[in-house]
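Those protein sequence lines, which keep their order, are chains A and B.
In this text, residue positions in the first sequence follow the numbering used here: the first is 1, and each later residue adds one.
In this text, residue positions in the second sequence follow the numbering used here: the first is 289, and each later residue adds one.
Each hint should be verified, as a subset may be incorrect.
[To be verified] Within a straight-line C-alpha distance of at most 30 Å, the following computed BS3-like cross-link-like pairs (lysine-lysine) qualify:
#1 K472(B) - K399(B)
#2 K392(B) - K196(A)
#3 K392(B) - K418(B)
#4 K210(A) - K538(B)
#5 K538(B) - K196(A)
#6 K210(A) - K418(B)
#7 K392(B) - K210(A)
#8 K648(B) - K608(B)
#9 K575(B) - K536(B)
#10 K536(B) - K608(B)
#11 K196(A) - K441(B)
#12 K418(B) - K196(A)
#13 K455(B) - K418(B)
#14 K123(A) - K151(A)
#15 K538(B) - K472(B)
#16 K389(B) - K196(A)
#17 K210(A) - K389(B)
#18 K284(A) - K418(B)
#19 K472(B) - K177(A)
#20 K196(A) - K608(B)
#21 K177(A) - K151(A)
#22 K196(A) - K353(B)
#23 K284(A) - K177(A)
#24 K353(B) - K389(B)
Everything labelled a hint here was simulated from the structure, so no lab data went into it.
What follows is each chain in one-letter form.
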Amino acid sequence: MRRRSSLPVTFLVPTLAILLVLSMVPTLYAIVIALQNRELSTTGYSWVWFSNFADLFLDRRFLNAVWVSVKWEVVTVVATMVVAIGLGVLMFEVAGPRLRNFYCLLFIIPVLLPRVSAAFVWKFAYHPLYGIATYPYRLITGGLIFDPLSKPATALFAVASVDVWQWGLFFAVIVLKLLETLPPQPIEAARLDHAKRWQIHAYVTLPMLKAPLISLMFVKMIESLRSFDLIYVMTRGGPGVATETLDMYAFSQGFIESGKVSYASAMAVLMMIATVITFTMLWKRVQA
Amino acid sequence: MSAIVCSHVDKAYGATTVIRDLNLAIEEHEFVVFLGPSGCGKSTLLRMLAGLEDISGGEVSIGGKVVNDLEPGDRGIAMVFQNYALYPHMTIFDNVAFGLKRQKVPAAEIKKRVEAVSRTLGLEPYLGRKPTELSGGQQQRVAIARAMIKTPKVFLFDEPLSNLDAKLRNHMRVEIARLHQSLKTTTVYVTHDQLEAMTLADRIVLLKDGVIEQIGSPAEIYRRPGNLFVAGFIGTPNMNFIEVTVGKGKDGWTLTGAGTVLSLQGGDFNLRHGDRVMLGIRPPDLKTAQAGAANLLQGTADLIEFHGNDALVTFGSGGKEISALVPARECPELRAPVRYSFDEESIHLFDATSGASLRKQ
Numbered sequence: 001m002r003r004r005s006s007l008p009v010t011f012l013v014p015t016l017a018i019l020l021v022l023s024m025v026p027t028l029y030a031i032v033i034a035l036q037n038r039e040l041s042t043t044g045y046s047w048v049w050f051s052n053f054a055d056l057f058l059d060r061r062f063l064n065a066v067w068v069s070v071k072w073e074v075v076t077v078v079a080t081m082v083v084a085i086g087l088g089v090l091m092f093e094v095a096g097p098r099l100r101n102f103y104c105l106l107f108i109i110p111v112l113l114p115r116v117s118a119a120f121v122w123k124f125a126y127h128p129l130y131g132i133a134t135y136p137y138r139l140i141t142g143g144l145i146f147d148p149l150s151k152p153a154t155a156l157f158a159v160a161s162v163d164v165w166q167w168g169l170f171f172a173v174i175v176l177k178l179l180e181t182l183p184p185q186p187i188e189a190a191r192l193d194h195a196k197r198w199q200i201h202a203y204v205t206l207p208m209l210k211a212p213l214i215s216l217m218f219v220k221m222i223e224s225l226r227s228f229d230l231i232y233v234m235t236r237g238g239p240g241v242a243t244e245t246l247d248m249y250a251f252s253q254g255f256i257e258s259g260k261v262s263y264a265s266a267m268a269v270l271m272m273i274a275t276v277i278t279f280t281m282l283w284k285r286v287q288a
Numbered sequence: 289m290s291a292i293v294c295s296h297v298d299k300a301y302g303a304t305t306v307i308r309d310l311n312l313a314i315e316e317h318e319f320v321v322f323l324g325p326s327g328c329g330k331s332t333l334l335r336m337l338a339g340l341e342d343i344s345g346g347e348v349s350i351g352g353k354v355v356n357d358l359e360p361g362d363r364g365i366a367m368v369f370q371n372y373a374l375y376p377h378m379t380i381f382d383n384v385a386f387g388l389k390r391q392k393v394p395a396a397e398i399k400k401r402v403e404a405v406s407r408t409l410g411l412e413p414y415l416g417r418k419p420t421e422l423s424g425g426q427q428q429r430v431a432i433a434r435a436m437i438k439t440p441k442v443f444l445f446d447e448p449l450s451n452l453d454a455k456l457r458n459h460m461r462v463e464i465a466r467l468h469q470s471l472k473t474t475t476v477y478v479t480h481d482q483l484e485a486m487t488l489a490d491r492i493v494l495l496k497d498g499v500i501e502q503i504g505s506p507a508e509i510y511r512r513p514g515n516l517f518v519a520g521f522i523g524t525p526n527m528n529f530i531e532v533t534v535g536k537g538k539d540g541w542t543l544t545g546a547g548t549v550l551s552l553q554g555g556d557f558n559l560r561h562g563d564r565v566m567l568g569i570r571p572p573d574l575k576t577a578q579a580g581a582a583n584l585l586q587g588t589a590d591l592i593e594f595h596g597n598d599a600l601v602t603f604g605s606g607g608k609e610i611s612a613l614v615p616a617r618e619c620p621e622l623r624a625p626v627r628y629s630f631d632e633e634s635i636h637l638f639d640a641t642s643g644a645s646l647r648k649q
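Isolated chain B (complex conformation):
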């Protein structure tokens, strides 16, 4: 049985529709990440699951029970907020115990459970302190403890790491992953950071303008993006896009554009002679061309960004900026001519007008 089911869910503020006819089933024990740019409705959707926003249309059920009209406290969920949302006037102990106290759990049991949870999260030394006396990472851990202690059916995380600095963010990300491994609680996690999404998720739900663009495992979404938006959003550095025209060749297809003609077998794609299509290649898939290599993209290195292990080389080809991520030792000089080639397996083709992937299912 699915832990969370959204069917035909809508959300509108007055005349503005934020979420449109959204259907989604989240399995038990699954770690699902809502990913998308700002304003795509991912936080709104999470808050609708939590009961902090009304559901304008459709139905949301958690654990087999329709929760549309249930109070947030009665939905069997716990939420961790971006800015921690701790009660500033209470000690850490009282912050963590607040929910249990409201449920009239006996004091002795509260004490036992708070101690158990704070041991798991390493918060024992701070139980007597106020939230302001803790660092950001510790505060977020308190927020997680406050969510954990309720032993919810579902954990909701609303961009929990975006207020932390980069190093702490990595650390907390690992902790959240470990926590999920040991607790196995169904988790919905909202972020705009694709690294978090890729590393944590069992499945990613990619949203744009309140519509699901693609649902899939991180690998699926990375390797087989369903449309132009997904392809452009996922992957750092960003995928290169070149608009090309399809031509029927002798034993395959040709793609003409950006000052070059590329030839491919094209067996994986639905192609038609004369179509305008978007060719997508991820920068790491461009390799320094050996002598006699086919499918060349060439130009002059305009910009070189050194990353340590590798370097991002940006060059112009037929008036189009293209980036290649190459090993640092193959890095060319600035303004030097560069030649890169790619394998047919690594390319993506999209319809230039609809943006849909042309890959055969």
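Next comes chain A alone, as it looks inside the complex:
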């Protein structure tokens, strides 16, 4: 018995040890820094314990960043799922097998683009004078300028649209493939049961895919947290602080504006704690 139980341990211990070092050391170091008052401009520091955290809650820009992050998360996740399900169902309903393959290939391309490239492509597409995305507006209004990335009301949605363009289309392919794995008989039974096309999906196929769709949503929620590269390239958090998410603000506090690494670390630690708590709660709810 002992010999048998030692084999898994032999294999697991080194791997887990490496993982532990890789994940825990930076985390612990971030927590330690968050309790100090380090700045990039000076070498000295002292322990300030929780004063960084206390300051954060009085920082209106931080509270704005929290709000922007929440908005970003909700907008991108909801829009991605709506686009994915909508397009997936549409392809399932109207496209034949060959056309489906073509669309699938087409829809996977955006997500294969590096985020920074996608961001640059769309930054140019949104250009008020030359962009293809703003071209219809210029055409209709006879040359009026529309700059979605520099308007506080539209900037977040313009950036979010790139995220949805990448992930919504990719997820549409996954939703289509999920629909194709379903047994055809319940769909046929629903047709015999007087269900209209949309009702078949609303009441039969999508509920049957509830578990994988929720998993997809979780993946997207985690992916949406990593919005930094997209926002950094397209707006740098602007105009003003309209698209300044938490990671964007932490980065600019830590490295661009003031070099307050301890303050930025405090933000990162708070984000980590909030994320862990939120996801644990959501996961528990879904499991129940």
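Fit chain B to the given chain A structure using the hints.
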């Protein structure tokens, strides 16, 4: 008026023709079984009636109305699928009520009707459960309840019992028969199991390669098979076939082949001297020969399959394997010589090339 009429119905997938110029009329209240080997087009035909497959050519009408272009829901039919096809995420109640809800039937009436149907089928204790919490037989009963509640003009069953184990299959078969007796709804039932077909059907439609081979009551099909295929397909154990040559005898006909010469009056058959014909005899029609019996088939018992009440004895006669189903007490020893004879009334003769029955109409 016929409940279902198919006239010149074709079905093709690209270049492959699955059903060819099929004509069929099914009467009101009738229980019709589509029977045939796998790939004969019986399920396709049923799905065309249901509207789940397009009709490539010809016309299908249900209740006097051409339904070629009608949605499945609008054809006045209900279907029970082989693998039940229940909605896995819904409770049994919601599964049964789904069709009524889509038709916007008031909730109170839905409740009343679901309860009535589940009482008939003994599903009352399970209404709150999910399909996976039920056994196969119960799930199939839910599928039947879901079909029944719509009070359709026609019930369609697509091999409804093939996913059940043997004992449950017998039980459900009896239940379906009872249900049809009480509801009298026109029913089309697809199966490859001839026992189901024989026991349930008012009429059997025997299909092969998308063509109807014979239509008739179970007794007709069993006693007067129209061709070699039908004769070989219907009846367990399978009919024996012996290729023989017809000869004109003094007062009748002789059949020579398989190392024996058989003589018969031949009044029931269209025979010509010198014809090659297939002689068909069902194993239960072979009787242990008494002394002095005519029409003998003899050989050595090669294989004995004991069935309980009777035994299937397989013996070689003139290089041809022949089986006889005899009462178990007459069962010979293995390798013992056996002699069997038959009555002229029990034989079937078919044209050796076309396979058509030579029986006079």
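Status of the hints after comparison with the structure:
1. Distance hint between K472(B) and K399(B) is fulfilled; the C-alpha atoms sit about 24 Å from each other, no more than 30 Å.
2. Of the pairs offered as hints, the one joining K392(B) and K196(A) holds, with about 13 Å between alpha carbons and a cut-off of 30 Å not exceeded.
3. The straight-line distance between the Cα atoms of K392(B) and K418(B) is roughly 23 Å, inside the 30 Å bound, and the hint therefore holds.
4. Between K210(A) and K538(B) the CA atoms are separated by roughly 81 Å; this puts the pair beyond 30 Å, and the hint is violated.
5. In summary, the hint linking K538(B) to K196(A) is not supported, as the alpha carbons are separated by about 74 Å, beyond the 30 Å threshold.
6. Of the pairs offered as hints, the one joining K210(A) and K418(B) holds, with about 15 Å between alpha carbons and a cut-off of 30 Å not exceeded.
7. For the hint pairing K392(B) with K210(A), the CA-to-CA distance comes to about 25 Å; that is within 30 Å, so the pair holds.
8. Proximity of K648(B) to K608(B) is assessed by CA-CA distance (about 28 Å); at most 30 Å being required, the pair is judged to hold.
9. Among the hinted pairs, K575(B) with K536(B) is consistent with the structure: their alpha-carbon atoms are about 26 Å apart, no more than 30 Å.
10. A C-alpha spacing of about 24 Å is found between K536(B) and K608(B), which places the hinted pair at or below 30 Å, so the restraint holds.
11. The hinted pair formed by K196(A) and K441(B) meets the criterion: a straight-line CA distance of about 21 Å does not exceed 30 Å.
12. With a C-alpha separation of about 24 Å, the suggested pair K418(B) and K196(A) falls inside the 30 Å cut-off, and the hint holds.
13. The straight-line distance between the Cα atoms of K455(B) and K418(B) is roughly 24 Å, inside the 30 Å bound, and the hint therefore holds.
14. Restraint check for K123(A) and K151(A): satisfied, since their Cα atoms lie roughly 14 Å apart, inside the 30 Å limit.
15. This hinted pair does not check out: K538(B) and K472(B) have alpha carbons roughly 55 Å apart, beyond 30 Å.
16. Taken as a hint, the K389(B) and K196(A) pair is honoured in the structure, with Cα atoms around 12 Å apart against an allowance of 30 Å.
17. Distance check on the hinted pair: K210(A) and K389(B) sit about 22 Å apart at the alpha-carbon level, within 30 Å; holds.
18. With a C-alpha separation of about 22 Å, the suggested pair K284(A) and K418(B) falls inside the 30 Å cut-off, and the hint holds.
19. Between K472(B) and K177(A) the CA atoms are separated by roughly 43 Å; this puts the pair beyond 30 Å, and the hint is violated.
20. The hinted pair formed by K196(A) and K608(B) fails the criterion: a straight-line CA distance of about 60 Å is larger than 30 Å.
21. For a cut-off of 30 Å, the pair hint linking K177(A) to K151(A) is broken: about 38 Å separates their Cα positions.
22. Of the pairs offered as hints, the one joining K196(A) and K353(B) holds, with about 22 Å between alpha carbons and a cut-off of 30 Å not exceeded.
23. Annotation: proposed proximity of K284(A) to K177(A) holds, straight-line Cα distance about 27 Å (limit 30 Å).
24. For the hint pairing K353(B) with K389(B), the CA-to-CA distance comes to about 25 Å; that is within 30 Å, so the pair holds.
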